[in-house]
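These protein sequence lines map, in sequence, to chains X and D. With the numbering used here, letter number 93 in the first sequence gets 93, and the count goes up by one each step, no holes. Count along the second sequence starting at 1, add 1000, and that's the number in the numbering used here.
Just so you know, these hints were derived from the structure itself, not from any lab. As the structure is a prediction and not an experimental result, all values here were calculated from the model. All residues carry an ideal CB built from backbone N, CA and C; glycine is no exception. Please note: incorrect hints may appear among the correct ones.
[What the hints assert, rightly or not] Looking from chain D toward chain X, a few residues come up when the C-beta cut is under 10 Å (computed):
1. Ile1004
2. Met1031
3. Phe1033
4. Gln1037
5. Thr1044
6. Ile1090
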Amino acid sequence: GDSVTQMEGPVTLSEEAFLTINCTYTATGYPSLFWYVQYPGEGLQLLLKATKADDKGSNKGFEATYRKETTSFHLEKGSVQVSDSAVYFCALSKNYNFGNEKLTFGTGTRLTIIP
Amino acid sequence: SAVISQKPSRDICQRGTSLTIQCQVDSQVTMMFWYRQQPGQSLTLIATANQGSEATYESGFVIDKFPISRPNLTFSTLTVSNMSPEDSSIYLCSSRGGRTDTQYFGPGTRLTVL
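Could you put together the complete structure from these sequences and hints?
Shown next as structure tokens:
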């Protein structure tokens, strides 16, 4: 079945450091790929997405590129801030039949940024 | 994007009781979904709720334990029945509408069962 594998956490970085959180997927066909973020005590927020190969999703300084050849969707940010501390989830979505799809999530990566 | 609210935001319940969680979307949406997030874990899909039809449950989840209603295009409820401490989790609803493949999530309901 479909699956998403994320970099193990927790990850601790200093402010202004470069961030990479690795995400690879296994799926047949052409899934859409997502990064969601969960701030402490809150629900999930969509951070960015990409729907086809070579698409780059970006938001709030974060970027991820849909790489079909390596089945990857790594999340990057050039200079992290304390406010980026959260849990990040990589996910894929695929239509199993018309109008009915399922989001498959990775295990989540907890990111802590220290001043 | 849709704005989704959930009630209650948190609750503490006794084992053997039931809790109904409400999910309200600010616009009409085609699909609504219910997820469970156990402590320190990722999200697992419980069921998909379509308006006017029975909910579709994922493997490991049954209607008797998690009955779902979807009376219209903006509202759904999930009931957690005959609760045990193992049901302590965050329950989140999400929605997808129209031609987008993006799901938007509510803030979640944090349930503790004693």
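Verification of the hints:
1. For Ile1004/D, the suggested interface contact is upheld, since its CB lies about 8 Å from the closest CB of chain X, less than 10 Å.
2. About 7 Å separates the beta-carbon of Met1031/D from the nearest beta-carbon of chain X, less than 10 Å, and the hint is met.
3. At about 7 Å, the closest approach between the beta carbon of Phe1033/D and any beta carbon in chain X falls short of 10 Å, and the interface hint on this residue holds.
4. Hint status for Gln1037/D: holds, given a least beta-carbon distance of 9 Å to chain X, under 10 Å.
5. With a least beta-carbon distance of about 8 Å to chain X, the hint placing Thr1044/D at the interface is held under the 10 Å criterion.
6. Among the interface hints, the one on Ile1090/D holds; its C-beta lies about 8 Å from the nearest C-beta in chain X, closer than the 10 Å criterion.
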